[in-house]
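*Asks:* Respectively, the protein sequence lines represent chains R and D.
Counting in this note's numbering, the first sequence runs without a single skipped number right up to 588 at its last residue.
Counting in this note's numbering, the second sequence runs without a single skipped number right up to 588 at its last residue.
None of these hints come from the bench; they were simulated from the model.
Among the hints, erroneous ones may be present.
Put simply, identical chains are the same to the list, so a pair is met inside one copy or across any two.
[Unchecked claim] Pairs of lysine-lysine, BS3-like flavour, derived with a Cα cap of 25 angstroms:
1) Lys479 x Lys169
2) Lys327 x Lys150
3) Lys493 x Lys532
4) Lys254 x Lys181
5) Lys378 x Lys254
6) Lys327 x Lys84
7) Lys98 x Lys532
8) Lys577 x Lys84
9) Lys542 x Lys150
10) Lys532 x Lys84
11) Lys532 x Lys26
12) Lys577 x Lys98
13) Lys118 x Lys532
14) Lys131 x Lys532
15) Lys493 x Lys84
16) Lys449 x Lys542
17) Lys26 x Lys381
18) Lys364 x Lys378
19) Lys378 x Lys118
One letter stands for each residue in the lines below.
Number of protein chains: 2
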Amino acid sequence: MKDNALKVLIIGGVATGPKTAARLRRLDSHAEITIIERGDILSYAGCGMPFYIEGVVEDYDSLLKTATGAVRDAAYFEKMKGVKVMDNTEAVRINRERKTVTVRDVRGGEPKDLPYDKLVLATGASPFVPKMEGVELEGVHRLYNPHDAKAIKEAVDAGAEKVAVVGGGLIGLETCGAFVERGCIVTVLEMMPNLVPALLDIEMALYLENYLRERGIDIVTGSLVSRILDDGSGKVAGVETADGRRVDADMVIVAIGVRPKTELAVEAGLEIGPTRAIAVNEHMQTSDPDIYAGGDCVECIHLVSGGKVYAPMGSTANKHGRIIANNIAGMGDTFPGVTATAVFKILSYNCGCTGLTEKMAKELGYDVVTSLCPKRDISHYIPRARFFLVKLVAERGTGRLLGCQVVGEGDGVKRVDVAATVLKFGGTVKDLADLDLAYAPAYSTAIDGIADAANVVRNKMDDLAHGVNPVELKRMLDEGDDFVFVDCRGRPAYEAGTISTDCTVNVPLAELKSRYGELPRDKEIVFFCNTSITAYNAERVMRGMDFTNVKFVEGSIKGWPYPFELKKR
Amino acid sequence: MKDNALKVLIIGGVATGPKTAARLRRLDSHAEITIIERGDILSYAGCGMPFYIEGVVEDYDSLLKTATGAVRDAAYFEKMKGVKVMDNTEAVRINRERKTVTVRDVRGGEPKDLPYDKLVLATGASPFVPKMEGVELEGVHRLYNPHDAKAIKEAVDAGAEKVAVVGGGLIGLETCGAFVERGCIVTVLEMMPNLVPALLDIEMALYLENYLRERGIDIVTGSLVSRILDDGSGKVAGVETADGRRVDADMVIVAIGVRPKTELAVEAGLEIGPTRAIAVNEHMQTSDPDIYAGGDCVECIHLVSGGKVYAPMGSTANKHGRIIANNIAGMGDTFPGVTATAVFKILSYNCGCTGLTEKMAKELGYDVVTSLCPKRDISHYIPRARFFLVKLVAERGTGRLLGCQVVGEGDGVKRVDVAATVLKFGGTVKDLADLDLAYAPAYSTAIDGIADAANVVRNKMDDLAHGVNPVELKRMLDEGDDFVFVDCRGRPAYEAGTISTDCTVNVPLAELKSRYGELPRDKEIVFFCNTSITAYNAERVMRGMDFTNVKFVEGSIKGWPYPFELKKR
Numbered sequence: 020m021k022d023n024a025l026k027v028l029i030i031g032g033v034a035t036g037p038k039t040a041a042r043l044r045r046l047d048s049h050a051e052i053t054i055i056e057r058g059d060i061l062s063y064a065g066c067g068m069p070f071y072i073e074g075v076v077e078d079y080d081s082l083l084k085t086a087t088g089a090v091r092d093a094a095y096f097e098k099m100k101g102v103k104v105m106d107n108t109e110a111v112r113i114n115r116e117r118k119t120v121t122v123r124d125v126r127g128g129e130p131k132d133l134p135y136d137k138l139v140l141a142t143g144a145s146p147f148v149p150k151m152e153g154v155e156l157e158g159v160h161r162l163y164n165p166h167d168a169k170a171i172k173e174a175v176d177a178g179a180e181k182v183a184v185v186g187g188g189l190i191g192l193e194t195c196g197a198f199v200e201r202g203c204i205v206t207v208l209e210m211m212p213n214l215v216p217a218l219l220d221i222e223m224a225l226y227l228e229n230y231l232r233e234r235g236i237d238i239v240t241g242s243l244v245s246r247i248l249d250d251g252s253g254k255v256a257g258v259e260t261a262d263g264r265r266v267d268a269d270m271v272i273v274a275i276g277v278r279p280k281t282e283l284a285v286e287a288g289l290e291i292g293p294t295r296a297i298a299v300n301e302h303m304q305t306s307d308p309d310i311y312a313g314g315d316c317v318e319c320i321h322l323v324s325g326g327k328v329y330a331p332m333g334s335t336a337n338k339h340g341r342i343i344a345n346n347i348a349g350m351g352d353t354f355p356g357v358t359a360t361a362v363f364k365i366l367s368y369n370c371g372c373t374g375l376t377e378k379m380a381k382e383l384g385y386d387v388v389t390s391l392c393p394k395r396d397i398s399h400y401i402p403r404a405r406f407f408l409v410k411l412v413a414e415r416g417t418g419r420l421l422g423c424q425v426v427g428e429g430d431g432v433k434r435v436d437v438a439a440t441v442l443k444f445g446g447t448v449k450d451l452a453d454l455d456l457a458y459a460p461a462y463s464t465a466i467d468g469i470a471d472a473a474n475v476v477r478n479k480m481d482d483l484a485h486g487v488n489p490v491e492l493k494r495m496l497d498e499g500d501d502f503v504f505v506d507c508r509g510r511p512a513y514e515a516g517t518i519s520t521d522c523t524v525n526v527p528l529a530e531l532k533s534r535y536g537e538l539p540r541d542k543e544i545v546f547f548c549n550t551s552i553t554a555y556n557a558e559r560v561m562r563g564m565d566f567t568n569v570k571f572v573e574g575s576i577k578g579w580p581y582p583f584e585l586k587k588r
Numbered sequence: 020m021k022d023n024a025l026k027v028l029i030i031g032g033v034a035t036g037p038k039t040a041a042r043l044r045r046l047d048s049h050a051e052i053t054i055i056e057r058g059d060i061l062s063y064a065g066c067g068m069p070f071y072i073e074g075v076v077e078d079y080d081s082l083l084k085t086a087t088g089a090v091r092d093a094a095y096f097e098k099m100k101g102v103k104v105m106d107n108t109e110a111v112r113i114n115r116e117r118k119t120v121t122v123r124d125v126r127g128g129e130p131k132d133l134p135y136d137k138l139v140l141a142t143g144a145s146p147f148v149p150k151m152e153g154v155e156l157e158g159v160h161r162l163y164n165p166h167d168a169k170a171i172k173e174a175v176d177a178g179a180e181k182v183a184v185v186g187g188g189l190i191g192l193e194t195c196g197a198f199v200e201r202g203c204i205v206t207v208l209e210m211m212p213n214l215v216p217a218l219l220d221i222e223m224a225l226y227l228e229n230y231l232r233e234r235g236i237d238i239v240t241g242s243l244v245s246r247i248l249d250d251g252s253g254k255v256a257g258v259e260t261a262d263g264r265r266v267d268a269d270m271v272i273v274a275i276g277v278r279p280k281t282e283l284a285v286e287a288g289l290e291i292g293p294t295r296a297i298a299v300n301e302h303m304q305t306s307d308p309d310i311y312a313g314g315d316c317v318e319c320i321h322l323v324s325g326g327k328v329y330a331p332m333g334s335t336a337n338k339h340g341r342i343i344a345n346n347i348a349g350m351g352d353t354f355p356g357v358t359a360t361a362v363f364k365i366l367s368y369n370c371g372c373t374g375l376t377e378k379m380a381k382e383l384g385y386d387v388v389t390s391l392c393p394k395r396d397i398s399h400y401i402p403r404a405r406f407f408l409v410k411l412v413a414e415r416g417t418g419r420l421l422g423c424q425v426v427g428e429g430d431g432v433k434r435v436d437v438a439a440t441v442l443k444f445g446g447t448v449k450d451l452a453d454l455d456l457a458y459a460p461a462y463s464t465a466i467d468g469i470a471d472a473a474n475v476v477r478n479k480m481d482d483l484a485h486g487v488n489p490v491e492l493k494r495m496l497d498e499g500d501d502f503v504f505v506d507c508r509g510r511p512a513y514e515a516g517t518i519s520t521d522c523t524v525n526v527p528l529a530e531l532k533s534r535y536g537e538l539p540r541d542k543e544i545v546f547f548c549n550t551s552i553t554a555y556n557a558e559r560v561m562r563g564m565d566f567t568n569v570k571f572v573e574g575s576i577k578g579w580p581y582p583f584e585l586k587k588r
């Protein structure tokens, strides 16, 4: 080591920490780089844990290994990266004035102080486990690190059958899918009115719930789990909700969410942001310019709202690591922020969101226009074409895209990437519609589904299209509102079965020009069809006849987010 | 019809034409909209034809039908869209002064004049068939419309075994793949030095060729087909190239490319652009403001170069239709241009390009930096992870992204969409690296492959990484250049087999800090590994030791675009 070598301490060895170390080593061959990691596992694939429980990932070790099969332990970092790793070591205190960190071997021994020129906080997040009766019972798990995953898998292997998953967020749902694939009987309990409320608006979440119920998952929403039940022998017997519901279970997974680990930062007097995560500037510096922070312990700028957001994500953590290293090495890099993209796969469904949901956008004061479209992912004549439901949220007037959500068997996730890219540049729905997206029948439709959804938003802004959201329609039907509900598909489709409501009329689009006189001018008329396209055409025909109170059901049958049977008539 | 109804004539009934008509009908319920179509099939799925030949699309009619199973014939347009279709009708002449089009039933009868207020040219393109001996022989096909597809499929069903495909472009290759799946013996002949020269730089095309040869396709590049051979009975016997090669075949597909159909426009004195397609302004108006044109008969602005490009694509044709209708209806829409995105699937490989290739960019005078990276499409521990090779082209200095190419079994096409979106906004490689792309193990890697490729470009611009393109390396090896070629993988990997060249040294990265003295300071040192990442790390270690002439092989083993066997040593 050179005498003037920069001393860099990194607290945390999972994502941001190792990335910072590896990048910095490439930029500075002399720096003394040390990672301090409390656990015994470094740089593990936390996001892969549900796949391990499911059995898709067969080998536990593969969650710990590089693509070439090397285990990322202390020896690996030393040999391959020239980075010193102190595992099983806890950082106890940051002494900013002396520029040292007090550390202690968790297996015992005296604390000691390590000096730093630059310190990196990559302390990550920890799963939130509420103080609740029964959380310490045998059979109650969290899913935080590979040790947890191993314990859960062993429990399933040993015959655990009934599983209650507390928390219907991303991690909870991914885990539910794994349990279903393993043959378990699964109940998921979510406190909020719908699943994944941080990512999906109500109609998107309901659409997902429909599918999950079909796949046998029992879903309990709007219900707080108040305690975990004891079978009398210290083992879990189930959960009980505040409204008195009891769900039997021989395994309970607590997946309520994660909280940034900020204790060290707080104690050191570093600024904590409005989201309760560590505040950093665009260089990823904390309020102490010699202390950087990144990954799951910091908040980011939300590129759409401009506000702060806590959006922990392995991809972001890696970006942070690179940018921190660049700044420590004097390259002056900046991190612009995130669009809060998050996706997950549950059973055959691909789900995700980027940007703001309609609910969030409205809470932030945006005047929004949305579209809700069931689209095929590839050309309809290719047998493996599947539907995905896409929802776009845009700002009225400017047409600026604010967010995109997808749910369905079709490949909506690649459209989320496109939307995330448009959001990054502040693009509009017209920009989205104009994109030269890759078209070949095996990859998309001639007009890509997301471009079509963008055009629906434009049609609504241009006062050409007037949609009824299915949630509003359900209310209208349930409350018996006085309107005319028209199935405008062809007669054979209608006669084979239509939506199980009091659908009063079938007027196929092809007959509308000659039969419009059957429809009243003094009532609201709502058309539906299979995917909304025909219904929108019907709206246009009627407005061409000077009908003024005409709408179509957004999503129609293919996007209907409630349990329904096509009624045989 | 109202007396003052706008008379809109549309010449061409495949993509732009029907789209214009359908959109215009929704905007103007009174306009008299007439589509004039020379053929008997409207709005067919031309891009689906290779899938029909292959048998993935079983039903011929499904290429002609909507997703709900309606055949898009004249009656369909009349009933569902309120659009009149004159099929089997040829537009003979445009009379601009009188604002009429002279049409004629191709089955006979007198020509007649149809008046228009607005005329739309959606005449499309026709396959270029060179004047060549033998093109009229039985067994010689083009692949232009579903009739051709049917004839080809019937020939394969009837036992055609040896197929020669003349033209190694997108359509030619898609068709090759279909023939291989049908069990045919396939030869593809391309005049240019590599396949799909309009979309892929040489190393990307060679990488694809490697795969296609493994799959049994015989590839003849840089060789002009001079004539098609007669078996003596008026049937095809094969093809012969200008350099005297003979390829036996009982079926020949001529897929040399398409040319815009501009005869009517030329005769009417409308402006033709530098690409020989019809020139239009951003409103899709020709040089006559009452005549619009769109789809495969027009040229577009290339959003990267700012110049004109002829890039016929079904997706663009549909966008044009919407914009033309909007303008006719007075909504004043504009089409910004394309990034010339094109993708195709051949057997298990997904290939495509958006923006400029390196070759094109250099021809246009750009000073470029590129990266070439073999990346996994999803997390490595998921068994279905596959590699794709991605090449990025960026402008030196600004870092502006200029283009992106992908080839491989992994899902590179969704990355093409992301690149196309970045190109649309004029974004840089830093923008690309900063994108908040969707990450979950089932969809991508924590750092998405395209973001990684963007970072490689940044590393090269920052003088951190120095790559050798594999084509240059091949030359160095073939010509016996004096350099040290180092395999820096671990010894077991090296001993199991390394690249089949005179690789002189194995110095694993882990040993480099202690063994660098074995390497000369006065020669160029080139490292390679499996995917380039270790080799790049090796370069950084060496430069940290003040070695100045050190490079790594871009793409390394996983991206090696030449036939090679891993040599057992």
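*Asks:* Evaluate each hint against the coordinates.
*Replies:* Hints, verified against the model:
1. Proximity of Lys479 and Lys169 under a CA criterion of 25 angstroms is satisfied in neither setting, with 51 angstroms inside one chain copy and 42 angstroms between copies.
2. In this assembly of identical chains, Lys327 and Lys150 lie within 25 angstroms of each other by CA distance neither inside one copy nor across copies; the values are 28 angstroms within and 66 angstroms between.
3. In this assembly of identical chains, the alpha carbons of Lys493 and Lys532 never lie at most 25 angstroms apart, being 28 angstroms within a copy and 69 angstroms across copies at closest.
4. In the homo-oligomer, the alpha carbons of Lys254 and Lys181 lie at most 25 angstroms apart inside one protomer (13 angstroms), although the nearest pairing across protomers, at 70 angstroms, exceeds that limit.
5. For the identical chains of this complex, Lys378 and Lys254 are neighbours neither inside a copy (40 angstroms) nor across copies (68 angstroms), given an alpha-carbon limit of 25 angstroms.
6. For a Cα distance limit of 25 angstroms, the shortest separation of Lys327 from Lys84 qualifies neither inside one copy, at 34 angstroms, nor across copies, at 49 angstroms.
7. In this homomeric assembly, Lys98 and Lys532 come within 25 angstroms of each other (Cα to Cα) only across copies, at 9 angstroms, whereas the closest approach inside a single copy is 77 angstroms.
8. Taking the closest pair of Cα atoms, Lys577 and Lys84 come within 25 angstroms of each other only across two copies (19 angstroms); inside a single copy the shortest separation is 42 angstroms, beyond that limit.
9. For the identical chains of this complex, Lys542 and Lys150 are neighbours neither inside a copy (54 angstroms) nor across copies (66 angstroms), given an alpha-carbon limit of 25 angstroms.
10. Proximity of Lys532 to Lys84 under the C-alpha cut-off of 25 angstroms is restricted to the inter-copy arrangement: shortest distance 23 angstroms between copies versus 66 angstroms within a copy.
11. Taking the shortest Cα distances, Lys532 and Lys26 sit within 25 angstroms of each other only across copies (20 angstroms), while inside one copy they are farther apart (79 angstroms).
12. Within a single copy, Lys577 and Lys98 get their C-alpha atoms only as close as 55 angstroms, which misses the 25 angstroms cut-off; across copies the closest is 24 angstroms, which meets it.
13. For a Cα distance limit of 25 angstroms, the shortest separation of Lys118 from Lys532 qualifies neither inside one copy, at 80 angstroms, nor across copies, at 30 angstroms.
14. For the identical chains of this complex, Lys131 and Lys532 are neighbours neither inside a copy (85 angstroms) nor across copies (30 angstroms), given an alpha-carbon limit of 25 angstroms.
15. In this homomeric assembly, Lys493 and Lys84 never come within 25 angstroms of each other (Cα to Cα): the closest approach is 50 angstroms inside a single copy and 33 angstroms across copies.
16. Within a single copy, Lys449 and Lys542 get their C-alpha atoms no closer than 33 angstroms, and across copies no closer than 55 angstroms, so neither meets the 25 angstroms cut-off.
17. In this assembly of identical chains, Lys26 and Lys381 lie within 25 angstroms of each other by CA distance neither inside one copy nor across copies; the values are 47 angstroms within and 44 angstroms between.
18. Only within a single protomer do Lys364 and Lys378 lie at most 25 angstroms apart by alpha-carbon distance; the minimum there is 23 angstroms, versus 39 angstroms between protomers.
19. Proximity of Lys378 and Lys118 under a CA criterion of 25 angstroms is satisfied in neither setting, with 45 angstroms inside one chain copy and 53 angstroms between copies.
In summary, the structure is inconsistent with hints 1, 2, 3, 5, 6, 9, 13, 14, 15, 16, 17 and 19 from the numbered list given earlier, while agreeing with the others.
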